[in-house]
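**Q** Single-letter residue listing:
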Amino acid sequence: MSTALKHKLFEPTILWPALGQAFAKLAPQKLMRNPVIFVTEVVAALVTLMFLRDLVIAGGKPLFSGQIAAWLWFTVLFANFAEAVAEGRGKAQADSLRRTKSQLTARKLMSADGIDVTTIPATDLKVGDMVLVEAGELIPGDGEVVEGIASVNESAITGESAPVIRESGGDRSAVTGGTQVLSDWIRMRITAAPGSSFVDRMIALIEGAERQKTPNEIALSILLSGLTLVFLIAVTTLWGLAGYSGTVLSVTVLAALLVTLIPTTIGGLLSAIGIAGMDRLVRFNVIATSGRAVEAAGDVDTLLLDKTGTITFGNRMATEFLPVPGIRAEELAEAAMLASLGDETPEGRSIVALATGEYGAATPAKQPDAIVSFTAETRLSGVDLGTRRLRKGAVDSMLKFTGLDEARVPAAFRQAVEQVARTGGTPLAVAEGNKLLGVIHLKDVVKPGIKERFAALRAMGIRTVMVTGDNPVTAAAIASEAGVDDYLAEATPEQKLGYIRKEQEGGRLIAMCGDGTNDAPALAQADVGVAMQSGTQAAREAANMVDLDSSPTKLIEIVEIGKQLLMTRGSLTTFSIANDVAKYFAIIPALFVATYPALDNLNVMRLASPESAILSAVIFNALIIIALIPLALKGVAYRPVGAAALLRRNLLVYGLGGLILPFAGIKLVDIAVSALHLV
Amino acid sequence: MSLIGWLQIGLLFLVTFLLIKPLGLFMAKVFSNERTFLSPVLGPVERGFYALAGVDPKKEQGWLAYAFSMIAFSIAGLVALYAIQRLQAYLPYNPQGFAGVAPDLAFNTAASFVTNTNWQSYGGETTMSHFTQMAGLTVQNFVSAASGIAMALALTRAFIRSNATTVGNFWVDLTRSTLYVLLPIAIVIAIAFVAMGLPQTLDGSVTATTLEGANQTIALGPVASQEAIKQLGTNGGGFFNVNAAHPFENPTALSNYLNILAMLMVTAALAYTFGQMVGDRRQGWAFVATIAILLIAGVGVIYWAETQGNPILTALGLDNALGNMEGKEVRFGQAMTAAYAAVTTGISDGGVNAMHGSLTGLGGLIPMFLMQLGEVLPGGVGSGLYGMIVFAILAVFVAGLMVGRTPEFLGKKIEGREMKYAMLAVLILPLSILGFSALSAMLPFAVSSISMSGPHGLSEILYAYTSTTANNGSAFGGLTANTPWYNTTLGIAMLLGRFGYVVPVLAIAGSLVGKTKTTASAGTFPTHTPLFVGLLVGIILILGGLQYFPALALGPIVEHFAMLAGQTF
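Top to bottom, those sequences are chains E and B.
Its first residue numbered 1, the first sequence is counted upward by one per residue in the UniProt record's numbering.
Its first residue numbered 1, the second sequence is counted upward by one per residue in the UniProt record's numbering.
None of these hints come from the bench; they were simulated from the model.
From a predicted model like this one, the values you see are computed outputs, not experimental measurements.
Please note that the accuracy of each hint is not assured.
What the hints assert, rightly or not - To give an idea of the chain E side of the interface with chain B (calculated C-beta under 10 angstroms), a few residues:
no., residue
1, Asn216
2, Leu229
3, Thr247
4, Val446
5, Gly506
6, Gly507
7, Tyr596
8, Ala644
9, Leu659
Glycine residues also receive a C-beta, built at the ideal position from the N, C-alpha and C atoms.
Could you put the whole structure together from the sequences, leaning on the hints where they help?
**A** Right, here's the structure in full:
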């Protein structure tokens, strides 16, 4: 699905329905949610009446009022269109989800342990029902495996085609409706009523049907409504103030002034920005349960990251061979490689890879006489090659194997072991017979590039905290190598919860990800909790986002998406407000130049005539919405630099740009308007 | 413009600048209830007041109780001042034997002084008895200023405290502002004024024999003491009708300097106090810088416009060497008149040393525009600070999102509730200024009060409602405002401008004080940088001033261009 999600910005399949939607959204009861655009619609209706009046009365200017009315309607339609396009992009995804979900049937077990089944439509399932699902069948609803083990293809939701194992008990018991059992069978208990299952929620969220305004959106709407009121006061009182000097302002020109001054640009694009933000998350295969969580992600101060899988690859790997004096590194590497042939663990394989790769050791020509496989009890592995008995393994096991007492262990070996342990690594000993050859340095390898990533986060003011079950020494070593700001060693779920609470008391917002049931309290406590799709139902319920890829690094992207959403909103607000200056210079002289010719000095753009000036400002105001739809949907480019640098850049582009651009824009429209003799 | 003129202006701002830090630190101590060098003397007095009033200074109030105390106190002041004016004929210290003040004028004056506006529809020396001036007007000069400081303190505490419910105790803030800040400085300045030749007497007038042998009655009174607090508390209500242009209120260039300094120092230093109290002095300096940029620009434009003079008069053969001197005092000159006009309107002082109505179109535009910006440059004592904080909140909200975080100011998240109250406060000003102006411009009996035809007449109306709503109190001159219509509506405008604004501001304080104070990080919107100062200037101009542009275009702006074109009305 992840590839199917990547729609182009403007696809015909989205554009055409969006055009229709733009008209459907003209219904006032729908537009009420957006005060700025609602006012624009009321004003457009009013000017339309003026146009009709101008048509019948003598001396009216139907050409002028007609065009103003048309462009005011366009302004509303463009705003509706922006929202419809954003919604349309989500709908396409929702439709593909819905297809997988439709016509699901369930084989309901009549009793918990019984074998009698009746086939019913999945929509008739109730919470608590027991269902049997066998190989080849689709899982009818969200639930928990109570018996059995099966491989499940969850690609319908995650886009990942590799099957996952679902079994009763433990952290892998949650199954999702719409996914397919590939082998074996499971008995499951339904935990979500039809209509409120994971896929249902996902569809609703993507479609924006459940979309509630987020706190910041509400606050911004208040600001925009307030500004609209301020300009409503300024424009209506202008009628009286102008009357003093004998100027009679028509409803049409006052309407034009009002609509150009109120923040229609951001008002028209606000909901599109919000929907696009959720959409961007979905593109990253993350489902947020609310827009609130996306916003909170932008505010996160501290990231709690699991070491394994996020910061390190998750397996310890051999990085170095430390021979005792008298042994060459190559000899040690060869011995270690041979001894690891019987070790199929990732650690063993990494030793072979290191020895053959960097140390040029060759695999043996002839079959070894005996292979001693690695087991958890012996904690060593090795081979017998003729008379050579090569072994490698945990230091204490190897000392036992060689039969060396403390005194006869070479000092150099002891030093090497200590050196490895001190840096947080794991030392393995290599021996041939009763002779110690040297030490293999196993360590948790930090992912390449992660340090730079954390540095970037730090520049954004985000602290990273590594959470690990390792002992403090190992944790400290990895923490300093990865460049995290803090770490939590030997972490228990309670400790995580405590850490989150402590940070929150200091007024910081925390994001974390987790998958196990024991993570649930911490996920719920965190301001942004991301659960892995592979995790338990409890974790998924507690979190406010679910990562369908189950990738712990996702948290960083989520924060960036949150920030991008807020930045886009702020940039377009600033742009919209800064635009007003130019519009004043277009309209004010046009309104009063007949009474006070001296005011033509304010006509700095040298617009052709008062009427073309007013019309140009209105046209520019409508077109700018269309022009900014791609930006609203794609979001403002985000760079991980500090707030001060971001502010400087965005203020320059959107503040200063918003101040200057309309002067040029209105002038250009004016040239076109007068060239086409529109007024 | 001349170099000497600019040096005078520069010196004035330099001295103010040097006063900001020491005064700001002192006030921060006073308002944090710490001991100061005045405590040994004033401490017992302060405690005496609390005991007398039955106030427990340790008991703090939530924002509602705080607002209620302030409003109750203001209503009491309003009623008392109204009564004193109406009954002044029966009260002592009435050497000229003035009759009681008319009801509409008494209401207007009471509203005016309680709201720290000091709009004067009356001529002081011909209307008010000494008792009214001293026990009525001067008392309100102190306490209305102290109330303003108290409101600013409540809002300041909202940024200091985390997860709290109370914003301070109004009665304590009121008492300490008056006792430790306004009173001592006022005494010092009053003595300086007396030394500069301002009268300070309980006599009503002296009679002089002129050269022609005629008898002239020259009004006198306790001028110096009222002048001191008039400026210090950014009140602006003069003892005499022509305010600080009167030689007894403002006899010399030096007294003029002290006048401007007195009105600037406390309110400018309060910006620093804010920074000190919230633990970020740079924030205080950022406010000071914002104020300085806009205020000095204002002084510059007036100075330039006035020295350019009027080309119409030059064409008629008048010497334009001094520029436009109509309505100005030669002893102050162009530079100090420009400085006075910009400062008195940038601050909600409202005292005048020249007739603003006689300024050129552009010169008259600036005082009006500075008031319309909401009186934050640096505004009235306290009121300027809370107005500036509201603008900072708006600036942070508009642009703060651009750094990718929900907006916060000094560690407090700015959300829907704060936005609602901030917009409510911001709405009051255009509603009152433009609403009443448009109404007056349409009503024939209101228009008949205008003295000039053409756009200047509209400016007279606009200026009056701007001045009163912004609680400035300065007059453009020309408008006959002592009519029932203007007395009543201007009075309402003053009450709206003060209480309609401050109650939402206190609600913001109540909302913010309950929030957790977040710690700043590299990802936090920095609010003390030059960039933020630039942003704040832009927001003040765009959100504070843009809505008045159409109205101004019909008044002073067109007047300016018409003058250049040689057009008269």
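**Q** Could you run down the list of hints and mark each one as holding or not?
**A** Checked hints:
| no. | hint | verdict |
| --- | --- | --- |
| 1 | Asn216 | holds, 5 angstroms |
| 2 | Leu229 | holds, 6 angstroms |
| 3 | Thr247 | holds, 8 angstroms |
| 4 | Val446 | violated, 23 angstroms |
| 5 | Gly506 | holds, 6 angstroms |
| 6 | Gly507 | holds, 4 angstroms |
| 7 | Tyr596 | holds, 4 angstroms |
| 8 | Ala644 | holds, 5 angstroms |
| 9 | Leu659 | holds, 8 angstroms |
In the structure shown, a violation is registered for the earlier hint numbered 4 alone.
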